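**Student:** Please take these sequences and the hints and turn them into a complete structure.
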Amino acid sequence: MLCIRNYNAAHSMPICSVSVKFNSNNNFATASLDESITLWDENVSKPVLDLVQNNCGVRCLQWIDDNKLVFGDEAGVLSLVDARNPQNTTKLMEFPAAVHKLVTHKESHKMGICCDNKIVSVCSISEDDKIKVVYHDRHMHKNYVRGMAWDVKEDNVLHTLGWDGEIQTHNIVWD
Numbered sequence: 018m019l020c021i022r023n024y025n026a027a028h029s030m031p032i033c034s035v036s037v038k039f040n041s042n043n044n045f046a047t048a049s050l051d052e053s054i055t056l057w058d059e060n061v062s063k064p065v066l067d068l069v070q071n072n073c074g075v076r077c078l079q080w081i082d083d084n085k086l087v088f089g090d091e092a093g094v095l096s097l098v099d100a101r102n103p104q105n106t107t108k109l110m111e112f113p114a115a116v117h118k119l120v121t122h123k124e125s126h127k128m129g130i131c132c133d134n135k136i137v138s139v140c141s142i143s144e145d146d147k148i149k150v151v152y153h154d155r156h157m158h159k160n161y162v163r164g165m166a167w168d169v170k171e172d173n174v175l176h177t178l179g180w181d182g183e184i185q186t187h188n189i190v191w192d
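Residue numbers (my numbering): 18 to 192.
To be clear, the hints were calculated from the coordinates, so they are not data collected in a lab.
There may be inaccurate statements among the hints.
Below, in silico cross-link-like pairs of lysine-lysine (DSS-like), each with a Cα-Cα straight-line distance of 27 Å or less [said to hold, decoys possible]:
| # | residue 1 | residue 2 |
| --- | --- | --- |
| 1 | 85 | 123 |
| 2 | 135 | 123 |
| 3 | 85 | 159 |
| 4 | 38 | 170 |
| 5 | 108 | 170 |
| 6 | 159 | 38 |
| 7 | 159 | 118 |
| 8 | 108 | 135 |
| 9 | 123 | 149 |
| 10 | 123 | 38 |
| 11 | 135 | 147 |
| 12 | 149 | 108 |
Distance ranges between label pairs, derived from CB positions [to be verified]:
| # | residue 1 | residue 2 | range |
| --- | --- | --- | --- |
| 13 | 83 | 104 | 14 to 24 Å |
| 14 | 18 | 123 | 19 to 29 Å |
| 15 | 114 | 151 | 12 to 22 Å |
| 16 | 184 | 61 | 35 to 45 Å |
| 17 | 149 | 174 | 16 to 26 Å |
| 18 | 173 | 20 | 37 to 47 Å |
| 19 | 184 | 104 | 32 to 42 Å |
| 20 | 182 | 153 | 14 to 24 Å |
Computed from a predicted structure; not experimentally measured.
Ideal Cβ placement from N, Cα and C applies to all residues, glycine included.
**Tutor:** Printed below as a string of structure tokens:
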């Protein structure tokens, strides 16, 4: 592996998540325990925009369309920010533990969410930024859920991996 660019001093604490913007090879966002989200362009060596200054560490983020990012933090809050209007962050919902990972479904506004516990949730985010839980499971894993991925062949299947060493398959029903 060859390093083609080094973003020294981009954040003051560890970066927990990187998300590449849809349909882009150059634009991405980073989330850090320094409580910030930063927008980048690979062609520029400095940050394009400090998008969010949160009130606690940001653990994960995912683009949901060309302009909007959903992010989860150490307080268990899931929020949305529009890069066109970053001063207005929308709190979507709260979880009982820090949000660990988000995975967006490639062809819908569905998002898999896991926290620092054994709960797996799938939410639907509407065009007007309203969120609805469409799936919730707290019994399939015996320990923290650490990884998630949507199935590449079956649109309504989410696979999860936990510290219990088990890979579980969740069949999500949606309209």
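**Student:** When you take the CB atoms of residue 184 and residue 104, is the distance between them in 32 to 42 Å?
**Tutor:** holds (41 Å)
**Student:** Within a Cα-Cα threshold of 27 Å, do residue 135 and residue 147 meet the stated pairing?
**Tutor:** Holds, because 25 Å separates the two Cα atoms, which is no more than 27 Å.
**Student:** So the hint says 14 to 24 Å: do the beta-carbon atoms of residue 83 and residue 104 match that?
**Tutor:** Holds, at about 19 Å.
**Student:** Does residue 123 sit within 27 Å of residue 85, going by the straight-line distance between their CA atoms?
**Tutor:** holds (15 Å)
**Student:** Are the Cα atoms of residue 38 and residue 170 separated by 27 Å or less?
**Tutor:** holds (23 Å)
**Student:** So the hint says 19 to 29 Å: do the beta-carbon atoms of residue 18 and residue 123 match that?
**Tutor:** With Cβ atoms ~26 Å apart, the hint holds.
**Student:** Below or equal to 27 Å on CA atoms is what counts here, so check residue 85 against residue 159.
**Tutor:** Violated, at about 33 Å.
**Student:** Does 37 to 47 Å hold as the CB distance between residue 173 and residue 20, or does it fail?
**Tutor:** holds (39 Å)
**Student:** With the threshold set at 27 Å, check whether the alpha-carbon distance from residue 108 to residue 135 stays at or below it.
**Tutor:** Holds - the C-alpha atoms of residue 135 and residue 108 are around 23 Å apart, at most 27 Å.
**Student:** Does the structure keep residue 159 and residue 38 at a Cα separation of 27 Å or less?
**Tutor:** Roughly 34 Å separates the two Cα atoms, so the pair is violated.
**Student:** At the C-beta level, are residue 184 and residue 61 separated by a distance inside 35 to 45 Å?
**Tutor:** Distance hint for residue 184, residue 61 holds at roughly 39 Å.
**Student:** Please check whether residue 114 and residue 151 have a Cβ separation lying inside 12 to 22 Å.
**Tutor:** holds (20 Å)
Violated hints for the displayed structure, listed by number in ascending order: 3, 5 and 6.
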